[in-house]
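Chains as they are written, first to last, in the working numbering: chain A, 1 to 322; chain B, 1 to 383.
Misleading hints may appear alongside valid ones.
To be verified - Below, computed lysine-lysine pairings styled on DSSO-like, alpha-carbon distance capped at 30 Å: (1) K179(B) x K30(B); (2) K123(A) x K380(B); (3) K254(B) x K280(B); (4) K209(B) x K254(B); (5) K280(B) x K125(A); (6) K254(B) x K315(A); (7) K123(A) x K74(B); (8) K95(A) x K172(A); (9) K314(A) x K10(B); (10) K126(A) x K10(B); (11) K179(B) x K133(B); (12) K314(A) x K113(B); (13) K123(A) x K105(B); (14) K28(A) x K172(A); (15) K16(B) x K126(A); (16) K125(A) x K10(B); (17) K129(B) x K168(B); (18) K107(B) x K129(A); (19) K254(B) x K123(A); (20) K380(B) x K263(B); (21) K10(B) x K247(B); (22) K114(B) x K102(B); (23) K30(B) x K154(B); (24) K358(B) x K380(B); (25) K7(B) x K123(A).
By construction, these hints were calculated from the structure, which means they are not laboratory data. The structure displayed is predicted, hence computed values, not measured ones.
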Amino acid sequence: MDAATGTLKAPVLKKPGNSASRRLRNFKENAPFLLMILPAVVVVFLFCYLPIYGVLIAFQDFMPGDEILSENTIWVGFDNFTRFFNDPQFWPLMKNTFLICIFGFIIGFPLPILIALTLNALKSKKVGKSLQTIFTAPHFISLVVLVGMLQLFFGSDGLLASIAAHFGGSYKSLFLKDSAFRPLYILSSNWQDFGWSAIIYIAALSNVDPQQHEAAILDGASRFQRVIHVDLPAIMPMISVMLIMSIGGLMGVGYEKALLMQTDGNLHTSELVSTYVYKQGLTGIPDQAYAAAIGLFNSVINVVLLIIANTTSKKFSENSLW
Amino acid sequence: MSEVILKDLKKVYDNKVTAVHDVNLTIQDKEFIVLVGPSGCGKSTTLRMVAGLEEISDGELYIDGRLVNEVAPKDRDIAMVFQNYALYPHMTVYDNMAFALKLRKVKKADIDKKVREVAEILDITQYLKRKPKALSGGQRQRVAIGRAMVRDPKVFLMDEPLSNLDAKLRNQMRAEIIKLRSRINTTFMYVTHDQTEAMTLGDRIVIMKDGFVNQIGTPQEVFNRPVNLFVAGFIGMPVMNFFDGCKLLLENGKYFAEIRGVKFELDEFQQKALKQNGVKPCDIVAGIRPQHVTVGSGDLTATIEVSEMMGSEYNIHARSGEDEVVMLIPTVDLTTDVSIGRNIRFTTKPGLIQLFDKATGNNLIWYDADSAANNAPVCKRYD
């Protein structure tokens with residue numbers, strides 16, 4: 001009873017234990033799990049977060065050998081970015097990178113899903129497993145060997161050249177044609193990775209309740225209808241997550257394979273943002289500040305794409321990364 | 001007419017394991033038959049063969065007079081309710097129920113009418129727009145039943161449909177299935193491992209063990225006239241008491257059961273049946289149901305080890321020599337002290353003693369060799 005007002009006060013219920021002790025208790029309960037993720041956290045911090053510090057050079061007039069932060073640091077603001085936007089290579093680089101990524105995505109994203117659904121629908125599990133092994137094997141071929149194989153087939157002295165010579169025809173190496181670079185790059189990448197990428201969908205499909213298939217059989221669904229109405233919806237959350245991640249990395253194509261396949265003959269289409277960054281930052285007279293600015297710009301595009309993809313997915317489906 | 005006939009139905013898997021041995025069973029039109037037995041007895045495999053989800057290794061299956069061994073499941077005119085509901089998670093309740101009709105290209109208006117009609121019966125109209133994950137276990141089960149009902153199947157198959165529900169909901173749904181059955185009036189084949197479900201739902205019960213049918217009969221028959229030790233032990237709660245080392249005696253033309261040295265003169269019906277069967281004196285296992293034990297009189301003795309007051313009755317676990325004896329005594333009938341550690345006398349009416357041949361385990365009165373030889377064992381009939 002409040003003496004001043006004469007009203008009854010509701011008793012304040014004390015929570016069992018204060019928040020600090022509750023946190024300590026939670027920490028103790030979860031200690032084994034926290035310990036298990038500790039190595040991953042350390043690796044991510046060392047190799048993903050710590051190097052972010054180096055991004056600062058994108059805003060500096062930086063020369064190899066300079067300290068990133070010192071009294072002599074010359075800050076240039078967005079000059080390096082402006083230089084890239086005004087670089088005559090800007091639009092060709094953006095176009096090449098975008099086209100190779102978008103075509104790679106259009107072919108490479110649905111292919112593993114189709115393969116996973118097909119392998120899962122096969123009656124003979126033995127055949128399915130064998131095919132899966134065959135499809136996965138190319139993933140373990142190194143990029144250098146893969147490009148070597150492409151040379152053996154499509155190079156100036158390759159198989160196609162020999163066949164053409166045998167029939168008295170002429171043959172120009174596909175590595176010397178601008179128009180051949182993208183198909184060769186995209187198809188070989190997909191050949192190498194579709195089996196590997198399908199594994200995640202095959203794993204998701206293995207969780208589909210077999211009774212749902214049986215119910216569909218009794219409902220009168222054909223094998224194809226079961227794939228459409230049972231399997232595909234079951235892996236839809238996984239497809240959404242993979243789609244968001246793929247869109248997030250759409251402009252993040254690596255430089256290694258493009259460099260290995262690059263010749264003077266295909267430079268107009270094979271010069272990508274990543275190869276340009278490599279060349280600017282590590283070859284000739286290195287301009288690391290400029291290379292860092294280009295790389296950062298590319299990463300910003302990827303982050304924006306990731307956010308857009310995630311927001312869209314969240315709005316139109318129940319799946320999102322966060 | 002939707003009669004189902006299983007003729008020497010057999011299932012042998014690729015690893016040569018025989019899951020079902022030559023089952024013979026005729027399910028009458030509109031009959032509710034329950035297949036019951038412990039895990040791995042072949043009851044679900046039998047049901048799945050009827051559904052067409054398992055290939056039939058040997059034998060014949062007729063539905064509505066048509067041999068359906070090679071007929072696709074969708075063309076057998078059956079519907080099945082699964083243990084874990086098997087609802088399509090991405091579809092609404094409405095779409096789940098309408099799916100089979102859509103595949104059959106039924107007109108939209110007819111689908112809508114049918115789905116709403118069935119939803120009304122099952123009281124799930126308010127959930128039609130929800131997805132299965134937004135429903136409780138009981139509601140999901142109703143949707144699963146609804147999905148089967150919209151097809152108006154000739155035969156309704158149910159594979160342990162209540163096993164995923166908690167005890168309270170299971171009792172509730174059991175009552176709903178009984179009500180439902182009277183409304184939809186079709187042939188039911190129901191699989192369960194729960195003998196209470198079997199006894200309460202089935203017009204007839206098929207008791208299976210190790211792929212063999214042990215007895216087919218009404219709930220009363222399998223409870224009162226078990227053909228062998230397995231059926232006697234499987235049906236009834238608490239489980240029947242078995243007394244090993246007993247004898248069937250024949251003295252001066254009269255049969256006696258000797259249990260723990262105490263002689264019980266069998267009743268008139270038992271005398272007649274044993275004589276008709278030409279049973280000779282032999283070693284037997286005597287079976288007495290816990291409900292048929294009388295405490296406070298008689299020459300059999302036991303020491304009480306556990307005494308559970310269940311409200312209307314006492315559940316007593318006592319030790320009689322090497323045997324544990326369970327007694328279910330109505331509280332109103334109890335005149336003896338049944339506290340733990342007390343020595344008590346108990347007896348039973350001789351006519352309620354089940355007599356099993358020690359060598360074969362078969363009931364000396366109810367085992368019918370002819371039907372057993374035909375793999376459709378029923379209890380023996382007497383005039």
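Do the hints match the structure? See the list:
1. Taking the CA atoms of K179(B) and K30(B), the gap is near 14 Å; set against the 30 Å cutoff, the hint holds.
2. Restraint check for K123(A) and K380(B): not satisfied, since their Cα atoms lie roughly 47 Å apart, outside the 30 Å limit.
3. For the suggested pair K254(B) and K280(B), the alpha carbons sit about 11 Å apart, so the restraint of at most 30 Å is met.
4. Between K209(B) and K254(B), the direct Cα distance comes to roughly 35 Å. Violation of the 30 Å bound is thereby established for this hinted pair.
5. For the hint pairing K280(B) with K125(A), the CA-to-CA distance comes to about 58 Å; that exceeds 30 Å, so the pair is violated.
6. Distance hint between K254(B) and K315(A) is unfulfilled; the C-alpha atoms sit about 86 Å from each other, more than 30 Å.
7. For the given pair, K123(A) sits about 19 Å from K74(B) by alpha-carbon distance, which is consistent with the 30 Å threshold.
8. About 25 Å separates the Cα atoms of K95(A) and K172(A), which keeps this hinted pair within 30 Å; it holds.
9. A hinted pair counts as satisfied when its Cα atoms are at most 30 Å apart, and K314(A) with K10(B) does not qualify at roughly 52 Å.
10. In summary, the hint linking K126(A) to K10(B) is supported, as the alpha carbons are separated by about 26 Å, within the 30 Å threshold.
11. Distance restraint check for K179(B) and K133(B): the Cα-Cα separation of roughly 26 Å lies within the 30 Å cut-off, and the hinted pair is therefore satisfied.
12. Of the supplied pair hints, the one linking K314(A) and K113(B) is violated, its CA atoms being roughly 35 Å apart against a limit of 30 Å.
13. A C-alpha spacing of about 27 Å is found between K123(A) and K105(B), which places the hinted pair at or below 30 Å, so the restraint holds.
14. Distance hint between K28(A) and K172(A) is unfulfilled; the C-alpha atoms sit about 68 Å from each other, more than 30 Å.
15. As the CA atoms of K16(B) and K126(A) are separated by approximately 19 Å, the hinted pair is consistent with the 30 Å bound.
16. Distance restraint check for K125(A) and K10(B): the Cα-Cα separation of roughly 25 Å lies within the 30 Å cut-off, and the hinted pair is therefore satisfied.
17. Between K129(B) and K168(B) the CA atoms are separated by roughly 27 Å; this keeps the pair inside 30 Å, and the hint holds.
18. This hinted pair does not check out: K107(B) and K129(A) have alpha carbons roughly 42 Å apart, beyond 30 Å.
19. Between K254(B) and K123(A), the direct Cα distance comes to roughly 66 Å. Violation of the 30 Å bound is thereby established for this hinted pair.
20. The suggested pairing of K380(B) with K263(B) holds, with an alpha-carbon distance near 26 Å, which does not exceed 30 Å.
21. Distance restraint check for K10(B) and K247(B): the Cα-Cα separation of roughly 38 Å exceeds the 30 Å cut-off, and the hinted pair is therefore not satisfied.
22. For a cut-off of 30 Å, the pair hint linking K114(B) to K102(B) stands: about 12 Å separates their Cα positions.
23. About 9 Å separates the Cα atoms of K30(B) and K154(B), which keeps this hinted pair within 30 Å; it holds.
24. Using a Cα cut-off of 30 Å, the hinted pair K358(B) and K380(B) holds, with the two alpha carbons roughly 19 Å apart.
25. Using a Cα cut-off of 30 Å, the hinted pair K7(B) and K123(A) holds, with the two alpha carbons roughly 29 Å apart.
Violated hints for the displayed structure, listed by number in ascending order: 2, 4, 5, 6, 9, 12, 14, 18, 19, 21.
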